[in-house]
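Chains as they are written, first to last, in full-length UniProt numbering: chain A, 1 to 165; chain B, 1 to 431.
Calculated directly from the structure, the hints in this document are not laboratory data. Among the hints, a few may not be true.
[What the hints assert, rightly or not] Per the computed footprint, the stretches of chain B lying under chain A, defined by three or more beta-carbons under 8 Å from a beta-carbon of chain A, are:
no., stretch
1, 34 to 44
2, 110 to 124
[Unchecked claim] Result set (SDA-like, lysine to any residue): computed pairs, CA atoms no more than 25 Å apart in a straight line:
no., chain 1, residue 1, chain 2, residue 2
3, B, K267, B, L283
4, A, K41, A, L2
5, B, K113, A, E59
6, A, K33, B, H109
7, A, K41, B, K15
8, A, K74, A, K137
9, A, K41, B, H119
10, B, K210, B, H84
11, A, K41, B, E89
12, B, K15, B, R27
13, B, K399, A, K33
14, A, K137, B, H404
Since this is a predicted model, take the numbers as computed values, not measurements. By construction, the Cβ of each residue, glycine as well, lies at the ideal position given by its N, Cα and C atoms.
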Amino acid sequence: MLTNHAKIMQFFSMANGVTGRKKLQKMIYILQKCNIPFEEKYHFYVYGPYSEELTLRVEELCNFGFLDEIKEDKSNYFQYNYTITNEGEVFLQQFSLDMPNYQVKVDKLKAKSSRFLELVSTMLFFDDFPLKETIEKVHTVKPKQKFTELEITEAIQFIEEIKQS
Amino acid sequence: MAYRDEQLSEEKVFKDPVHRYVHVRDRVIWDLIATPEFQRLRRIKQLGTTNLTFHGAEHSRFNHSLGVYEIVRRIINNFQDRPHWNKEERLLCLCAALLHDLGHGPFSHSFEKVFKLDHEYFTQQIIVGDTKVNQVLERVNPGFSRDVADVIAKTYKDKLVVSLISSQIDADRMDYLQRDAYFTGVSYGHFDMERILRVMRPIEDQVVIKSTGMHAVEDYIMSRYQMYWQVYFHPVTRSAEVILSKILQRAKVLFEAEDFAFKLEPKHFLSFFNEDVKLADYLKLDDSIVFYYFQQWQEENDTILCDLCERFMNRHLFKYVEYSPNQPIDKWMELSGLFVEAGIDPEYYLVLDSSSDLPYDFYRPGEEGERLPINLLMPDGEVKELSRQSDIVEAISGKRRTDHKLYFPKDRIEALTDERIKHRMKEILYN
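Construct the complete structure from the given sequences, taking the supplied hints into account.
Following this line, the structure appears as structure tokens:
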């Protein structure tokens, strides 16, 4: 009961806040692909893998008063920042979650931009294809992003790194 | 003549209560409908447990799939010779429309939740895997099955094609709203689809609506809003779904227990319990098989499984109270403790269920949205987002409505002999 909510809360606690909805979506997806047992279902949307279930869960946590959502006006767009509240900490303490320690992965993900995580998560979405086809697919589904060769090479290295960390 | 262009000697029609007729002329479509994987959809109800609330809701995924195909067929007919429309994509669109729900299983929502499955994954597997559907598609041309799977997964290169099947105003939703309204008998869910189809226009990477059709679209969005809250999230239907999920959860727990042996080997469920569901096993399951097991499980040596199955089969459902997320968590913990004290396992008999819907989500450039908006084509050729033109749509744009309910067996509480526990339980539940 509410275990999946608690898992997300634990993530926010480890991340010490997350900036941006897109970044949040991609972080959880990449963690899932690293076998961290989050259960939110993902499908492919505008910015790559996206989970309606995660959006809903985060909204519920905000409604419960466990997360604080701050909408920041960045002049040409809005950004949403999430931090855990005191009530959220109390809620989390009531659970003993069966999760591996993934703090290092969270730190690595947090240090990256949402554009980079969009690329990484899109590559992971097509990871059952051979690498060459994965790259082709990234360009096919995201022609407007114009990801460079350098970014793609960095993404490949990052995927290896984060899976091993 | 190439198989992809082959036409039936005369048009075939399916009589349909929503669209009057579903027209088939392409040999490929006719062959796809005849495959066992597509015929299986006849044995899966479109609305799962909704028939326990609205008794007319007995229609199947087969009906809906044909309906979506028919709507896309009509849209494409209207798009012929319009700029931006690539006629080469016609058959691909029709196949994707027909097959978009192919991976649904019986009571998908509950099965997916308990066994951590995803019907979209199985749709992909049926289309690209070793199936009759795949054989038909690959006869069109090698790699065609992959293209159909990509359109359904929203990863196909041509976003205009994808938007016909999945967007905020797509053929899928236009069919299910009308069909579900028809079969449930509710008066919501009706809108002027003919009008919407007439004002749809293809542009570079999406479908837009001529601004003169805005009011028809407003009506469609309101229908969607009403249907979600009046039909899809009906609390009684959700009660049945809660029980169904708990049956599956209990059966899995018993399967994993070393000291329990089923009287009837649950062979159709084995791969589900082992969380290693092969496509062949998945395709064998349908509504009738599930009902057969639920009937049989009423005689198993487990009081929880027997009771839950009896409740589901005889519509002896859980009652519910509204649950406020702001309620102190210690009350909830106390209630759960009282259930344990009373010998009613809260894992199966005290369930929080949440429903949530976002009737229309706008997207403004630069904002962190994920859904493409509905765009209007203005008389001067400019494209404007719907909620900026429509006050009605603006009023509900981006506003999610969420509803939390706590489900429990009221009859078990009423039957308690310990007045202290009973009184305190009721106090927490009803105050």
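Hints, verified against the model:
no.	hint	verdict
1	34 to 44	violated (count 0)
2	110 to 124	holds (count 4)
3	B/K267 <-> B/L283	holds (14 Å)
4	A/K41 <-> A/L2	holds (16 Å)
5	B/K113 <-> A/E59	holds (20 Å)
6	A/K33 <-> B/H109	holds (23 Å)
7	A/K41 <-> B/K15	violated (36 Å)
8	A/K74 <-> A/K137	violated (32 Å)
9	A/K41 <-> B/H119	holds (11 Å)
10	B/K210 <-> B/H84	holds (15 Å)
11	A/K41 <-> B/E89	violated (30 Å)
12	B/K15 <-> B/R27	holds (19 Å)
13	B/K399 <-> A/K33	violated (31 Å)
14	A/K137 <-> B/H404	violated (40 Å)
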